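**Student:** Each chain is listed here by its residues.
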Amino acid sequence: MEALVSFFSNYMLYILMGVTILTAVGVVYSKNAVHSVVALLLTMILVAGIYLMLDAEFIAAVQLLVYAGGIIVLFVFMLLLVALHKDEALRLFNTYTLISLGLVAFLVIMLAVVFFGTPFGPAPATVTNIVKGGSTEAVAGTLYSAYILPFEIASILLLVAMVGAIVLTKERGKS
Amino acid sequence: MSHAQYIPLLIFLVIALLFPLVTLAIAKFFRPAKYNKSKLSPYECGIEVDKEPERNFHVRYYVVAVIFLIFDVETVFLYPWAVKYRALGLFGFVEMAIFLIILIFGYVYAWKKGALEWE
Chain A
1 MEALVSFFSN YMLYILMGVT ILTAVGVVYS KNAVHSVVAL LLTMILVAGI
51 YLMLDAEFIA AVQLLVYAGG IIVLFVFMLL LVALHKDEAL RLFNTYTLIS
101 LGLVAFLVIM LAVVFFGTPF GPAPATVTNI VKGGSTEAVA GTLYSAYILP
151 FEIASILLLV AMVGAIVLTK ERGKS
Chain B
1 MSHAQYIPLL IFLVIALLFP LVTLAIAKFF RPAKYNKSKL SPYECGIEVD
51 KEPERNFHVR YYVVAVIFLI FDVETVFLYP WAVKYRALGL FGFVEMAIFL
101 IILIFGYVYA WKKGALEWE
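Respectively, the protein sequence lines represent chains A and B. Under my numbering, the first sequence has 71 at position 71, and the numbering climbs by one with no breaks. Under my numbering, the second sequence has 3 at position 3, and the numbering climbs by one with no breaks.
Derived by calculation from the structure, the hints in this document are not laboratory data. Mixed in with the good hints there might be a few duds.
[Stated by the list, open to error] Quick list of in silico lysine-lysine cross-link-like pairs, BS3-like style, CA-CA up to 27 Å:
1) A:K31 - B:K51
2) B:K113 - A:K170
3) B:K28 - B:K51
4) A:K31 - B:K37
5) A:K31 - B:K34
6) A:K31 - B:K39
These numbers were taken from a predicted model, which means no experiment stands behind them.
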């Protein structure tokens with residue numbers, strides 16, 4: 001049991017990250033769109049696991065509720081709406097290999113610059129204290145005091161999303 | 001940094017994943033594999049399908065899903081607020097009231113536009 005616990009706390013994060021990358025690759029390389037969505041669902045759940053291992057319990061719960069529970073439903077509905085089998089004759093794969101390679105290389109270089117430019121070290125005392133108090137309390141303590149404006153703007157963002165969805169899907173010609 | 005509390009969760013997940021996989025594997029091993037074209041049709045019995053449906057899926061399902069998701073996210077914001085309600089006090093109450101009023105505008109809009117009605 002001791003060995004299991006120590007293995008779990010040391011390596012589980014990396015195992016989760018590795019499997020997440022595999023399922024994310026599966027999203028891209030599945031020939032069947034439904035398989036892609038299932039792989040995406042697995043990716044979302046595994047990302048929740050990563051958050052859990054990083055002591056962000058609240059974010060993990062939100063990830064499961066909103067992404068694995070809600071966004072995936074939107075993806076499934078999207079599949080039902082677009083009827084992929086009617087477009088089988090079309091080439092749905094783009095072939096801009098050279099441009100994509102260049103862009104990916106650029107992205108990797110930029111990420112590397114940020115990664116090696118960041119002075120990593122032990123977390124500041126404030127972060128440790130916040131995490132000790134519990135992830136949900138930490139989110140509440142910062143979101144509703146220091147980040148009040150982004151929080152209120154989030155509600156306007158949600159409003160815009162809802163109005164946009166209704167306007168776009170409303171049948172025209174009817175009042 | 002103790003994650004030992006999540007080990008039962010991991011065991012639960014592994015069993016939940018293995019159970020259907022093992023069941024399917026055992027079934028694949030024992031069942032006869034006979035190809036039949038009617039097995040692939042949407043309805044094995046009943047009236048033959050003679051043409052594709054005009055529209056696949058009504059877009060109103062999507063609107064309902066989007067509205068559900070938006071209020072889902074709203075609830076997510078309510079949860080940490082409720083946890084720290086006493087510490088935040090009146091300031092937190094007013095803040096959340098503004099947040100909710102903005103979203104209630106959206107709710108009233110959806111109601112008035114008939115997005116919540118099915119017909």
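**Student:** Are the hints correct? Go through all of them and say.
**Tutor:** Hint-by-hint comparison with the structure:
1. Between A:K31 and B:K51 the CA atoms are separated by roughly 25 Å; this keeps the pair inside 27 Å, and the hint holds.
2. Of the supplied pair hints, the one linking B:K113 and A:K170 holds, its CA atoms being roughly 8 Å apart against a limit of 27 Å.
3. The suggested pairing of B:K28 with B:K51 is violated, with an alpha-carbon distance near 33 Å, which exceeds 27 Å.
4. The suggested pairing of A:K31 with B:K37 holds, with an alpha-carbon distance near 22 Å, which does not exceed 27 Å.
5. Between the alpha carbons of A:K31 and B:K34 the distance comes to roughly 25 Å, so the proposed pair stays at or under 27 Å and holds.
6. Only pairs whose Cα atoms come within 27 Å are accepted, and A:K31 paired with B:K39 is accepted, the gap being roughly 22 Å.
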